[in-house]
Structures are given as structure tokens and as C-alpha cells.
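Protein sequences appear in the order of chains A and B.
The numbering of the first sequence is our numbering, which starts it at 1 and goes up by one.
The numbering of the second sequence is our numbering, which starts it at 1 and goes up by one.
Read the hints as simulated data drawn from the structure, not as lab findings.
Treat the hints with caution; some may be incorrect.
Looking from chain A toward chain B, a few residues come up when the C-beta cut is under 7 Å (computed) [as the list claims (entries may be wrong)]:
no., residue
1, PHE265
2, LEU390
3, ARG396
4, PRO601
5, GLY605
Here are the simulated SDA-like pairs of lysine to any residue, each with C-alpha atoms no more than 20 Å apart in a straight line [as the list claims (entries may be wrong)]:
no., chain 1, residue 1, chain 2, residue 2
6, B, LYS239, B, LYS119
7, B, LYS119, A, PRO362
8, B, LYS308, A, THR514
9, A, LYS546, B, GLU25
10, B, LYS239, A, PRO362
11, A, LYS548, B, GLY32
12, A, LYS474, B, LYS308
13, B, LYS342, B, THR201
14, B, LYS119, A, GLY592
Quick caveat: nothing in here was measured; it's all calculated off a predicted structure.
Virtual Cβ for every residue (Gly too), placed ideally from N, Cα, C.
For reference, the chains in residue letters:
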Amino acid sequence: MANVDIHAHEEVHAHDHHEDHDHHGDKYQSNFITTYIFSQDHKMIAKQFLITGIFWAFIGAAMSIVFRLQLGFPEESMAWLKPILGKWIVLNDAGMGTLDPEFYYALVTMHGTILVFFVLTAGLSGTFSNLLIPLQIGARDMASPFLNMLSYWFFFLAGAIMFSSLFLSTGPFAGGWTAYPPLSALPQAMSGSGAGMTLFGVSLIFFVVSVLLGGMNYITTVLNLRTKGMTMWRMPLTIWAFLVTAILGLLSFPVLVSGILLLIFDRSMGTSFYLSEIFIQGSALDRVGGSPILFQHLFWFLGHPEVYIIIVPAFGLVSEVMSVHARKPIFGYKAMVYSILAIAFLSFIVWAHHMFMAGVNPFISNIFVLFTLIIAVPSAVKVFNWIGTLYGANIRFNTAMLFSIGFVSMFISGGLTGIFLGNSAIDIPLHDTYFVVAHFHIVMGIAAFFGMFCGIYHWFPLMFARYMNETLGKIHFWGTLIGAYAIFWPMHYIGMAGVPRRYYTFANFEAFNTFAPINMFISTAAIIVFGLQILFIINFFYSIFKGKVRTEKNPYGANTLEWTAPVHAGHGNWPGAIPHVHRWAYDYGKDGIEFIPQTVPLKEGEKDMGAH
Amino acid sequence: MGGLLIILSIILIFVVLVQIGRINEIAVGLRGKEQAQRQANNRNAVMGLVFMVAFLIFVIVSFFAFKDRMLGFGPHESASHHGGLIDGIFLTTLIITGIVFFITHILLFWYSYKYRGQKGRVAKYIPHDNRLELIWMVVPAIVMTFLVIGGLSVWNESMADVPDDMKHGLNEGEFLEIEATGFQFGWLLRYPGATDFKLGTRDFRNIKAGYNETGQVWTDEKNHDDFLADTLYLPKDHKIRIRIIGRDVLHNFYLPHFRVKMDAVPGMPTYFVFTPTKTTEEYRESLSGYPEWQAMADPSDPENKFKKWETFEYELACAELCGDGHFSMQKIVRVVEMDEFKKWYNSKKSFYSTEVNPPKETEVLSRETSLEEGHGGEEGTHTGEGHGEGSHNVEGHSTEESHSGDHTNGTHTSGGTTTHTEGTHTEETHSGGTHNAGKADGKEGTNAGKATTTEEGENKGKKGKIIKKIFNKGKKEKTGDH
Ligand code: HEM
Ligand SMILES: [Cu+2]
Ligand SMILES: [Cu+2]
């Protein structure tokens, strides 16, 4: 490699003011429990988030396979699942097993909740914010390692509660991940709305505690613990993304708690925040004056920022990985930052685009249409900047890079369908159809997963000092890219034909039941893609123990600080002084030098892009 | 045994893949890192190109394969006035986003291919380009402005309520208001009678399962001519205002062919105004030109000589998750010419005249007719439910239409003779054993309702079978475990 020897530029700062905070090889990590379980080392906590996230992703994906079997092969017997699902598979006299409709809805609900909150919120931003914030800004750990540890354990608790609800005799909550009342408020409306909903609500509240503890920490750390020279405009885009994500979470998640709290009051204390004029199961309820719409406002005030809480970290990861492997600065760094900020701001004033058909005043929708479609502008800027980054590059195709390119493809495909849905008039026929399912899975589900895979493959050597297997990685990538489109692209057509989502079977409608071959195709693709994810999991755990060993500090020739730490960095990250920063993170190919790490001082008269 | 074999072969596939991965890794070690990387660059860059071409072809081909199922295309034309406008703005958006989709995908994979890592290549140092960035900000902004303006004008036209001075009725320039009440799991369709064309007020505390399903307030004379129907009959080219009620949880009144969709919200009636532009017959006619609609309606039944297009019906569905029977809330929608509509309309007997305050001697008989025609289908759904009398004691809230106040003092027996009649009749006519079958049977009831609609000229033998299957199972499970 024609480049600068990094080690030569690693300066030792004898009077480093951070040195007081150095708790390397410290009392906090003395035994197995404090090292691996109640660890306060951000690197270990990141791994905990990641592995828990993978566990949940497996559960959530397996659930989707079960309900896809129902949709794709409604005539096939599911008796073979009886040993796992027990009474939720109902056998008839001929031994034919069918999925119970209520359990179908329970599966869909749990699938959505698990993937949105446990995998793509905690598993994604929890993992990478923890891993990268201290390492990339040059801090020894989070501002509060203790709160950071609590953040993980609250997440764990939330997960444990949700998991336990799967074993209730009345089943887990089944009213959709959006949990709209009155369905979620009235136990008599659905059996999952009983104890299942109680556990669902409690679990989410603990989850929010986790997000808030984590978020406060991330924000404080980014704002206060940057090493000398790391100005805001020198931060890698990952850090910007995590900072903005944390702010989004901090401002929006508490609103979800208030929404759920009022729901719990309605459920157990006889209040009527969301209930009015209800006649159910043969009796008129003594509850009037509330409005179910209120819950929808509260929910989507979180819900829309939440989709950006999921995607913004992926923006950051993809930008960083793409720049490193394109050997080129990210195109339009400042535009990337401003577009993240713009998207984040706008994401707070578009929530009602989920409620165009909910009975809110149609006049109000005008404003939400306007703001929603404005989001397309910063989104377009990001896409063009990524493409611009590839222009004139010298691309190193490894799995991480492939996933970052795949991410851009998914973000384009899914973002464009958002333009249909954001335009309220077009949302009339498309709302709550498979078109919406296709939209949000591509733009949020698959795109965010691609961002996460891109991050895992890229930073795996940083976490485990070994590499993941590249061949398996590439099989995983190409299979998943093709498979994901095979699953979700045809759903657009089904949705355009008007087929509603959340249908256990389409047999009751002449208009909706003509898609059996496509549904079969989709389900088959889903099973194959699921198999590929198992291949990823095998690769992941195999590589932790048997992967190729990382010997170099900076295997990718990257500029950011995490690659200046020793291969087996202890608690505190850098054994000696913390490195100082002299330039922005994207000096790739500058003046014919392949890469110039941030620790390299500026030459005489050299202009730093991070200066302003 | 077969299962075991499948599991074993799956495991085998994974083992093989992992071995391939390991061997390749060793090969990389032998060949040298740089060379292996270059080879990977070439392979994956080409792969990207191949993927792009295949993907874009797939997009085009699948588009044309599904064209006849899509909004506004071919047989899927809108059957309402505003629906046509929606399809128009949809098509515009489709074209614009389609162009962007193709351009960006071609650039993305072309650049990835062109600038794949090669020996001796040096990446260009281009940190930014303000002019370019300005262009790709301003152009999308302009396009969005165009789409917002187009979309909002369609939206405001589609969502406009009927003008204040418009009259209820069936004459030219008047509108017909119909009430659709969503409940677990079905729809109640209430028409205003021909004397006033106005729907009478309702109060959820008046609801009596299996009897006064919509909670009509009998002291309101507007109610006396209202009737319930099992099929949503609509006159062609006449403005319809659907008043949408959620009786228990959220539902969504969804007419796919008419581009109508609106939540049914308990406690807050919503509405949707639209004008059907094609009768069911005309729609069938337009379908007859498409090969997929020429297939037999029910291939499994040799007796059934109908083609698909001949048995086509518009449908009403629910598009908001409302419980475990959400997927079954189907009703037939039938659009007919105004003359025919009037004939149908006038043949309907009001619920009040047959049930609540009928001429004494014909009482029993008329009850039966009303069950069959009116809401026979839904009967079962409300079975086994106690008549929650206690709930009538709620005080002091003004429900949407019950401004009367008669019903907020808990007694319901106050006031005139009509109210009194209501009470008695509930007891008399609905104490029979037909209605206490339990929840699962209730669902079967919903489907029985569907069977009734079949008599109206469709052939849905197969469908009935499937539904049976599902519900038999549901029933068993319910009685067994819960
Ligand atoms: C160009 C940008 C986008 C626009 C204009 C847009 C617009 C919309 C609209 C209007 C809906 C509601 C559709 C309906 O229910 O009828 C929707 C649903 C959704 N969007 Fe987007 N969206 C955009 C980008 C995103 C992104 C980036 C994400 C995630 C990272 C996302 C995730 C979702 C999800 C999860 C839903 C479904 C929620 C549910 O009902 O369960 N969207 N989008
Ligand atoms: Cu949104
Ligand atoms: Cu429903």
C-alpha cells in the first residue's frame, strides 16, 4: 500500500488531560461476571446488544416464516409445527393442521414489534453507538459506563417480558405492533388483549427506559468527551448519525410511554382516554368521551421518528463503510450532515401521514402531505451523494462494501414508494394494503438490515479481532439482495390491486384471492432468505472462534480513530494516551496519498475539509 | 422419516457451504491478499452489473405481467368519479418515480462496476461539488412541488363533504346518505327510508344484540322508515355519503373498486363521499375483454357454467385490524341504474314498521322476513351475549346524534309509547334459542350471511368450503382451550 505509516504518526501526549479518566485494566473488570455479564466496557456492551439483537432477529424471522407459510400455502397441513406451537395449530379429524387465526395475528404483531424495537432499534443503534462512539471520538468509554450497563439490562428485561408473553395461555398481544385501542384496550375484544397486552405495554416501557439511558449517554459522550482536535465537523458521519438518532429517541420515546400509560389506565383503572360509545360482546360500555385517534397521534409522534431512529444509524454506517472501501471521501460531507439534520427535524412533523384514513380532518392532511414530501428532498440528496461517492472511486469489493451498495438500492426502491404513500390522495387506495408492507419492509426493514450487516462485516474485526468469512459473506449478500427483492417487490403489485394487509386468508374476497401463485412464490423466497440468514449466523459465531485472526491495527487503511487502538484493546481503549485529531475523517486519495488517518497533523498550508 | 431427511440435507448444505468458505479463505492466503482482492473486485462488480440488468428486466416484465391488476389499468379501472382522479395522479407519480428508479439504479451499479478496484487505479479526491449538489436538491424539490399540488387538489376534491345546502334524496342534485357500522365481525348497512331520506339518530346504549343492532332511537321519527340491507346497493351516478360508525373497535370501510377507504372510529362517526360511475353490469362488461376474466368462475364445479367476469361483484372489506375475524368482513356491493335502485329501495320494509311497531297480527311473520333480508347474516355474531342493561345507566354525555336527551337518564322507558314498545319486543322476539351459540358460532353466522348473499346470483361454492374449513377449526379450538 502506497501510504503513510500510521504508527509513525501516532503521537504520544505526555500531558494528556484525559489520562485521569484512564481506567484501563481496572477494578471494574476483575472477574467473569463484571467482564462478560455486568460489564461496563462499552465494547462488551456493544457485543451484548448485538448478540441479543441476533437472537431476536432469529425469533422474529422464524415467526414470519410461520405466517408466510399460512399465506403462501394455505392448503398445506401445518401439523408438523404442532410440537413447537402446540395448541395454536389446530388439527382436524383428518390430521390436517391449520394455524389459529388469532395466533396468526399474534405472530404478525410479535414479528413487527420484535424487529422494529428489539432488533432494528436496540440491536442496531445499541450495538454500533456503543461500539463506535467512544472509539471514533477518542474517548475511553461512555460518559456513564454504569448507565450504559443499565441500558442493556433494561433492554434485556424488556425482551424477557415480551418473550414470556409468548407462553401465556391467552397468547401474546395480537392487535398489531401499533397497538391501536380500543382493540388493545379491551380484553374482551381479542384474547391477546388480555394479559398479553399488559406484558406488551410493560415490556415497551422498560424498553423506552433502555433507549433513554442509552441515548442520554450517547449524546453526553459525543458532546463532551471528544478528544483534542475532534471538532464537530471532523466527526465521522457515523457519529453524527448516532448523535441525531439519540436525540430523536430522547424526544420521541417518552411520548410513546405517555401513550401506553394512558392505555394502561384505560385498561385497568376505568378511565376513558381512548374509549367512547362502545358496544362489545353484547354490552354497551360505561366509557365515553375518549378518542382512539388520540392514541394514534401519540403513537405516531413516536412512530415516525422511530423509523428514522432505525434508518439514520444505517445512513451513518453505510456512509463510513462506503467511503473507506471506495478509497474516496464521502461525497458532500456537509450536505450529508445537513440532510440528516433536516430529515430528523422533519420527522417530527409528518406523523399524521400514517393517519390520512383514520378520520382526522382532511384539511389537516394537506400540511402533513407537504412536510412528508419535503423529506424526499434531503433523502434524494443523500442518495445522489452516495452515488457520487462511487464515481471515480477505486472500490474494494468486500462484503461490507457490497451491503452498503445494496443499502442504497433498497433505500431508493423503498423511498420512491414513500412518495406515493405520502401523497394523501394516492394513499386512499394504498393505505393498509400490501403496498405499504412492501414500502416499509424495503425502506426500513431490508435497508436497515443491510446497514447493520454492512456494519457487522466491517467492524467484526474490531469487536472480535478476527474476520468473518468473506466467501460466506458474499453468498449471504447476493442471496439476500435477490431474495429480498423477490419477497417484497411483488407485494407492490398485490397492494396496487387493493389487497389489504393483516389478512389471515384472502379466501373470503373475490377481489383479493387471485394471487395464490405469487403468494406461494413470496413465501418460498422468504424461506430461502431465512436460510441465508442462518448461514450468516453460522458465519458469525464460527468466526468469533475460528475466523481469520486480525494482526494489523488498521486492516482497511481507514482514517478513523477506532483503528488506532490495539487489536485487543482493554477497557479504556488506548493503553497510552488518547490520540489527538488533526483533520476530518475522509482524507482518502488526497494529494495522491491513499489515506491519511485523522491523527496525522496537517502539513504546512494544508487545508482541512473539517475546518469551517 | 421424510422430515428427518430434509433436516439432514439442510444441515449438509450448510456444512458444504462452510467448507467452501474455509477452502476459499485458505486459497486467498496462498494467492496473496492483493491479488485475491482484485479478483473479488472483478467478480462482484460484474455480478452487480448482471444483477442490475436482470433486476431492471424483472421490473419491466413483472410490471407488464401484472398490469391488468394495477390501479387504474385495464380491468382495474376505478368505478367512482374521484377514483379516476386518484388513478391519474398515481400514474403520474409512477412515471416520475419510475424514471428516477431507473436512472439511479443504472448509475449505482454502473459506477460500482466501472470504478471497481484495479491495480494502479487511484481514486479521485472529490470531497464535494456545490453546483451538482444544488442541482440534485432543486430538481427533486421542483418535482415534489408539482406532485404535492397535483395530489392535494385531488385529495381535497375526493374528501370534500357534501355541500351544506345539498338535499337528501334520490333526485338529480341530491345525495343519499347510508350508514355503515363496523362491528366484530361484519358490517351493518342502514338506509334512510323513502319518506324523508334521512337517517334517524342512533345511540350506542340502545343497541340490542340481534334486534336493534345499530342502536336506533325510536323516539326519533326519522328512524321509522330506516331499513337495514345485506347488500350495499348503490345507484349509479348519484352522490353517496357513507356515514361510517365503529361499534366496538376500529374498522375501516374499504371499497377497493371505488377507491374509498375510511376508518370506522368508535365515538366519532366519519364519512366518505363518492359517486359510483359504473354499474355492476357495466363493470362486468368491461372485464369480459380480458383473458384472465374469461376463465370459469368455479373450475371445481362442472355444473357452474359462468365465466369469471359474469359473476364479478364489487366488494366491501375491512382495512383496519379489528380482531381475529378481521379478514372475513365481506359484503357484496351492487351498483345499479337509478330506476332499478328505486325499485329495490321501495321494496324494503323499515325495521320499525315490521319489528318495533308492527300491526299486531302480522308480527311473527314480519319478523322472519326482516331477519332474512335485513341482517340475517350477522345475527349469529351477537349471540351468547348478555344484554348489558347496566350500561344504559350512563349519564350526561351527548353522543353524536342523540341530542334528544331522552336517553341519558338511564330509564329508557320515559317518553312515549314507542320506547316502551322497544323494550317489550326485545324480550318477546329474541328469547329463542337461535342466538346463544357462543363466539365461534357467531363467526359462522357471519359466513352464513355470506351464503345468503350467494343466493343473489353468484356462485361461490369453493369459497364457502374454504371458509368452512377455517371456521370449523376456529370453533374447535375455541371450545377446547379457551
Ligand atoms: C421518502 C421518504 C418517505 C415517505 C414519503 C414515507 C411515507 C410513508 C407513508 C405516507 C406511510 C403510511 C402509509 C400508510 O399506512 O398508508 C409510510 C409507512 C411506513 N413507513 Fe414510510 N416514508 C418514507 C420513508 C420511510 C423510511 C426511511 C422508513 C424507515 C426507515 C419508513 C418506514 C415506514 C414504516 C415502518 C411504515 C409503516 C407503518 C405501519 O403502518 O405499520 N418510511 N411511509
Ligand atoms: Cu412515517
Ligand atoms: Cu377489520
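Name the hints, by number, that the structure is in violation of. 1, 4, 5, 6, 7, 12 and 13
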